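Please model the entire structure based on the sequences and the hints provided.
For the sequence shown, position 386 matches number 386 in full-length UniProt numbering, and the numbering has no gaps at all.
Calculated directly from the structure, the hints in this document are not laboratory data. One or more hints might be untrue.
What the hints assert, rightly or not - Under the rule of at most 27 Å between Cα atoms (straight-line distance), these lysine-lysine pairs were calculated in the DSS-like manner:
1. K32 with K194
2. K40 with K284
3. K112 with K32
Claimed, not checked - Beta-carbon label-pair distances, calculated as ranges:
4. V133 with L52: 12 to 22 Å
5. G125 with A64: 31 to 41 Å
6. S509 with R260: 17 to 27 Å
7. V251 with P294: 20 to 30 Å
Small disclaimer: the values here were computed from a predicted structure and weren't measured. Built from N, CA and C at the ideal position, the CB exists for glycine as well.
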Amino acid sequence: MAHSGVSPSLSSMAAPQATGHGGGNSSNVLRKYYQTEYPKEIWWFFGALIALLTAARLVSTVIAFVRRWRFHSRSLSHSVSVSEKDTESGGARTAPFPIALRVPLALVNAWKIVWFRSTIHFGFGYSLNVAEVVLTCAYIVALFTWSFVHTQNLTMNWWANRTGALAAAQFPLVTALGTKNNVISWLTGIGHEKLNYLHRMTARVSLVLLWVHGGARLSIMSRSGNHEDWSEPWFRAGFVATVFLSALVLVSVRPVRERRYEFFVWFHFAVVLIFTVGGYFHVKRFAYTPYLWPCFLIWGLDRFLRLARLAFFSFSSFLSSYTSEAEVRKLSPHLLRVRVPRPRGFHWAPGQTAYLVFPGVSTLPCEAHPFTIGSADPSATTDLPSLPSPSSGGEEGDDLVFFIGVQTGFTKKLAARVDNANGVARVRALVDGPYGHGADLVRSGGYDNAVLVAGGTGLAWGVPVFVDAVRRAKEMEGKARLRRIVFVWAIRERSHITWIAPTLQSTLSLARTVPNLSVSVRVYVTAPSESWDDDSVHSGRSGHENEKEMDIEGVEILSGRPDLGETMREEMARGGREMFVGVCGSASLAGAVKEAARVNPLWGQGSVVRGAPSVELVVESFGYA
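Structure representation (structure tokens):
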């Protein structure tokens with residue numbers, strides 16, 4: 001372009017003086033220049049933000065590496081000796097941070113409390129943390145500022161096309177945020193499950209911008225009396241694409257996603273395809289295709305990587321002695337346990353998820369459903385024996401274990417398959433993963449104690465994190481920095497303990513052999529002791545047998561809801577430098593843990609300034625934003 005040497009920002013500043021309110025050829029050139037350059041400018045803005053997050057991740061990674069290296073160097077050079085009293089109270093503690101470091105660390109904790117642990121409720125079960133609200137507002141302000149700045153006193157002809165160009169420029173970002181394998185996650189370290197809210201938010205804001213663009217163009221056409229564009233294919237393609245995207249946004253609300261997940265997945269797939277193709281043919285006339293064809297590339301790369309994993313793990317199972325058949329067992333009418341033989345080369349960290357494909361059960365053979373891996377990777381601690389799998393007396397071996405709640409759709413079909421097989425079914429299953437970030441409490445060398453909270457089937461996250469921590473602490477023979485683990489599990493009925501009784505027994509037995517490690521397991525029964533009628537029919541066991549299985553040495557069984565605030569205060573009073581707090585359960589349980597973790601770090605009894613540990617909070621909630 002003839003003006004390519006002119007800085008867009010300087011040109012933008014000079015716009016009002018250069019053009020005034022007149023039209024003319026120079027005005028049209030400048031209007032089209034803004035229309036072309038502003039979408040690029042907003043991408044520079046996004047790039048700068050991603051670069052900042054990437055730099056923060058690199059700094060965090062370096063700090064974690066140095067901390068781990070220093071800890072392991074010390075643990076190899078000498079072993080910590082503790083008294084019997086220290087062991088009972090959780091072992092010898094790392095001294096609090098030096099006074100000079102407490103204020104900066106307290107400010108970091110205050111930042112986390114305000115941005116990530118403070119929640120704003122909008123009613124109807126919707127809630128966002130402050131960081132999500134600020135990001136949403138910043139995104140809206142950025143888009144609409146670039147849309148309406150320098151528009152000659154909001155002259156419609158100046159912003160009608162620009163809003164369409166800016167909206168089109170958002171869809172590579174929208175697509176990337178919605179994929180499981182995306183460069184944003186790779187650069188920033190933010191898992192795709194955390195980016196999913198931004199995927200929905202950017203899509204919805206972009207839709208508003210599309211309707212602003214469409215409404216303005218229709219108004220201009222109506223006032224000018226030019227109706228020829230209505231019959232043009234490019235116009236119809238854009239209109240149809242916008243209508244279909246509007247339908248998708250309506251269907252993407254939380255109640256539909258929760259209750260009709262399979263319908264949402266396939267509706268999403270079909271509508272996105274229609275929208276992208278229609279949008280491509282619409283913008284092709286105006287030379288904006290560079291904003292649409294990358295969407296196909298991003299989506300195709302994600303699908304290719306997922307299919308490649310499925311094929312690789314399936315082929316590795318075929319070459320080895322492993323079978324691709326999963327064992328599905330009904331633990332109760334409301335919960336299934338799925339055991340899938342681990343494919344060769346498949347390794348995971350506790351707390352990660354995997355996508356399961358059941359070709360013979362799902363409506364379509366390529367449906368993939370995400371579930372948290374409810375077992376620890378036994379190959380991570382090769383010198384230790386395998387633990388019994390949940391609700392089974394056999395060896396867990398290399399199995400991946402999943403706990404799946406029975407709802408509607410696919411899970412209901414899977415439960416029916418188990419019923420037809422008299423409680424245990426074998427079905428073909430393919431695995432894609434792992435995804436997300438695991439929780440390594442020991443090898444990081446960063447935590448003195450940990451509080452793990454699970455609600456109901458949230459045990460799928462809590463149990464592997466708990467088991468992995470004990471096993472790694474055993475492997476380090478008392479040299480691990482982690483000195484205490486508290487595992488809190490809230491369940492509706494006492495009989496649910498049998499789901500993981502063998503695993504708890506074995507893990508607690510192993511924990512008793514680990515020097516300097518104190519473990520507390522507390523199970524809270526929140527509902528009356530009476531079981532559902534179909535529970536007793538399904539179990540096929542006498543009450544005496546169930547009582548024996550529920551009596552586990554080292555496990556406290558309590559009635560009512562856990563007082564998480566009191567638990568947090570007790571553990572923080574034990575001292576140390578850093579404490580890990582993790583929760584997996586309903587949105588209400590996650591909110592309770594967030595509230596308990598909002599301890600003032602600057603002053604008061606549990607403040608970092610006064611020597612209390614810094615709290616690292618990880619939330620894996622069942623809720624939808």
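We went through each hint and held it up to the structure:
As the CA atoms of K32 and K194 are separated by approximately 37 Å, the hinted pair breaks the 27 Å bound. A hinted pair counts as satisfied when its Cα atoms are at most 27 Å apart, and K40 with K284 qualifies at roughly 17 Å. For the hint pairing K112 with K32, the CA-to-CA distance comes to about 43 Å; that exceeds 27 Å, so the pair is violated. Checking the proposed 12 to 22 Å range against V133 and L52 shows it holds: the Cβ atoms sit about 19 Å from each other.
Checked against the hint of 31 to 41 Å, the pair G125 and A64 passes, with Cβ atoms roughly 36 Å apart. Here the CB-CB span from S509 to R260 is close to 44 Å, at odds with the stated 17 to 27 Å. In this structure the hint that V251 and P294 lie 20 to 30 Å apart at CB holds, the actual value being about 25 Å.
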